[in-house]
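Chains as they are written, first to last, in numbering that gives the first Met the number 0: chain A, 0 to 270; chain B, 0 to 386.
Treat the hints with caution; some may be incorrect.
[Claimed, not checked] In silico lysine-lysine, DSS-like type, Cα no more than 30 Å apart, as pairs:
| no. | chain 1 | residue 1 | chain 2 | residue 2 |
| --- | --- | --- | --- | --- |
| 1 | B | K269 | A | K198 |
| 2 | B | K90 | B | K223 |
| 3 | B | K223 | B | K269 |
| 4 | A | K227 | A | K198 |
| 5 | B | K90 | A | K227 |
| 6 | A | K227 | B | K269 |
Hints listed in this document are in silico derivations from the structure and should not be mistaken for laboratory results. Quick caveat, the model's predicted, so the values are computed rather than measured.
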Amino acid sequence: MRARRNRVGPDDVLHLELAEEPPVRPDRLLLRPVPEHGDTGTGLPVPVRLRGTRASADLGGLPAGLWEVCGPDGGGRTAPVRTEDPGLNLADRYGYIARPRSRDLRVLRTPDGRLRVQVAEVRPYAEVELVRSREETVAVRGELAFAARPPGRHRVRIVLRQRHVGTELACGALLDDGAFSAEIPLRPLADAHAEERGKNLWDPVLAGGPLNAELRLASRADDIAGKKQRIGFRPVRLPHGGRTMRITPYYTVHDDLSLAATALDRAEGAR
Amino acid sequence: MRIAFLIANAFAMGGTVRTTVNLANSLAERHEVEIISMARHCDRPFFPLDPRVRLRAMAPTPDWSGAPPGSWLDRRRARRPVRWLPPTEAKRQGVFNARTERALRRTLRGLDADVLVSTRPGLNLAAARFAPRRLLRVGQEHIHWGNHSDGVRLAARLLYPRLDALTVLTEADRRAYQRDLRVPPDWAVRIPNALPGGDFPRAPLENPIVVAAGRLGPEKGYDKLLDAFALVAAERPEWRLRLYGQGGLENRLRRRIQRLGLDNNAAIMKRTDDLPGELAKGSVLAVSSRVEGFGMTIIESFACGVPVVSFDCPHGPGEIITHGADGLLVPPGDVQGLAAGLLRLIDDPALRTRMGAAALAAAEDYRPAAVTARWEEFLAERLSRRR
């Protein structure tokens with residue numbers, strides 16, 4: 000089987016648009032686990048509905064892991080489904096994260112053209128869409144991901160927790176039909192700077208109001224993993240107590256958003 | 000035909016190695032093919048070779064710890080530079096030294112082939128000097144004549160005319176080599192690089208992503224691209240630029256991204272093992288190079304159905320892209336023009352789709368089968384002239 004397009008819908012159904020009607024009409028696809036750490040499995044059969052060149056299979060019960068999608072080839076043998084689709088539709092992804100869910104399904108294409116599905120256990124979080132360093136603040140904007148989106152406008156908070164220290168700071172944020180925005184003031188971070196730690200790291204979460212759990216600010220909806228090495232934000236230089244504090248928003252190795260605060264010595268501050 | 004390729008190090012990874020291995024594998028369908036590698040630094044070649052292609056190496060690189068032990072004389076020869084080569088070539092000491100030269104001369108004397116294709120300037124010069132005349136000696140150039148060092152140009156003027164033919168990647172190169180060397184009128188021939196084999200993904204052209212790819216060096220003009228993308232992002236803030244590549248300018252480009260306020264719009268994506276896969280996630284390829292040897296990324300983008308907006312720099316883009324059909328060419332260095340070209344495709348999805356389809360059709364000329372056929376036709380014709 001060869002797919003021209005493939006996507007996972009909000010209901011976790013895999014939709015395939017096939018290049019041609021398969022010569023052997025399959026009644027099921029086989030999802031084979033991609034061998035990792037020597038672990039091989041025989042695969043899970045998943046019922047498939049076929050209408051002309053359109054096929055769909057409900058992957059709601061698929062356990063977490065990386066799965067190769069297989070179907071009948073021209074001779075009726077089970078073989079990996081080939082795909083032309085690069086596997087990323089950003090509009091679909093933002094639609095997908097808009098619903099409460101505990102598992103995230105993504106379609107992938109291997110460099111040699113095989114179709115795979117990645118299933119990951121997830122928790123609700125606050126998907127960051129924009130980070131803007133300003134004079135004395137960092138503006139953030141985004142939307143709730145994998146969480147219920149309370150209708151209407153609500154006052155919520157961004158709580159900044161100092162890593163390894165535990166100090167908490169908070170500022171107001173707005174939640175509007177699931178879209179959040181906040182302007183994080185940086186002076187309180189400078190005031191709370193723990194000198195003994197050198198670089199102070201602050202991890203923001205969205206909380207309060209109608210939210211019944213803290214939601215970590217992060218960027219995971221798209222396909223860019225490892226943003227720490229790929230995306231950087233402008234640091235804010237803040238005069239504070241006769242010296243300069245440099246506060247930089249950054250993505251962690253887990254693609255969470257954090258703030259790093261460093262007190263610069265006189266020479267660095269003057270640069 | 001019996002065809003031998005002469006390459007610096009067939010075991011390494013790199014653009015010339017990849018295109019040579021692709022061509023050798025493809026020609027092996029119908030011909031006897033051999034690769035002669037001047038150097039070898041590991042057990043197995045990085046790019047997989049068709050089992051029908053014979054591979055032999057002249058000598059291990061002096062720094063390969065796993066190399067079979069050579070004689071004292073071999074080791075001494077490996078330390079002796081080749082004096083007759085221009086310095087820019089001779090400095091590749093793992094490839095050109097007295098040991099590899101000696102082994103090459105002996106190999107060429109006994110080489111059982113009809114054709115010898117050499118793949119870089121130093122090897123072209125070696126083939127011109129040492130390959131017997133019974134072989135059809137074909138040089139390959141991937142670098143524009145004007146971009147060679149003075150030493151290479153001087154040596155090429157003296158020795159290249161001994162070669163029976165030279166293949167180059169662009170028409171501009173063909174004219175330049177033909178003009179500056181004392182050679183017969185149809186001595187230089189344009190044969191472009193081939194796309195890698197296998198299936199390419201097809202871009203749906205729906206994501207608000209502009210892609211650029213190539214080494215993060217000054218020749219790629221990414222400073223201009225970022226300036227242009229700042230103009231794009233001011234009008235279409237939801238669009239993103241993904242830059243694939245590594246290189247010395249990375250930190251400088253990161254600072255430029257921040258200075259231009261593109262923190263949320265531009266990402267330096269590092270290297271990827273699956274460039275076609277990443278190109279196909281985008282909707283437009285941007286090429287901001289000051290100079291291009293050929294434009295491999297452009298044809299890979301075409302093969303994914305992604306239209307291209309490019310500076311019309313010397314020499315590749317203008318020969319690959321048909322302006323207004325499969326992409327847009329803008330004057331070199333024209334930042335406003337590059338931004339306008341990108342915005343034209345960003346704002347017109349129907350134009351993107353139309354140009355993407357034309358790009359796919361244009362990519363057919365670069366499929367391995369098409370390029371291999373050109374090689375076969377060229378070599379057969381040159382061999383028939385000698386009979």
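Please write out, lowest number first, the hints stated earlier that are contradicted by the structure. Failing hints, ascending: 2 and 5.
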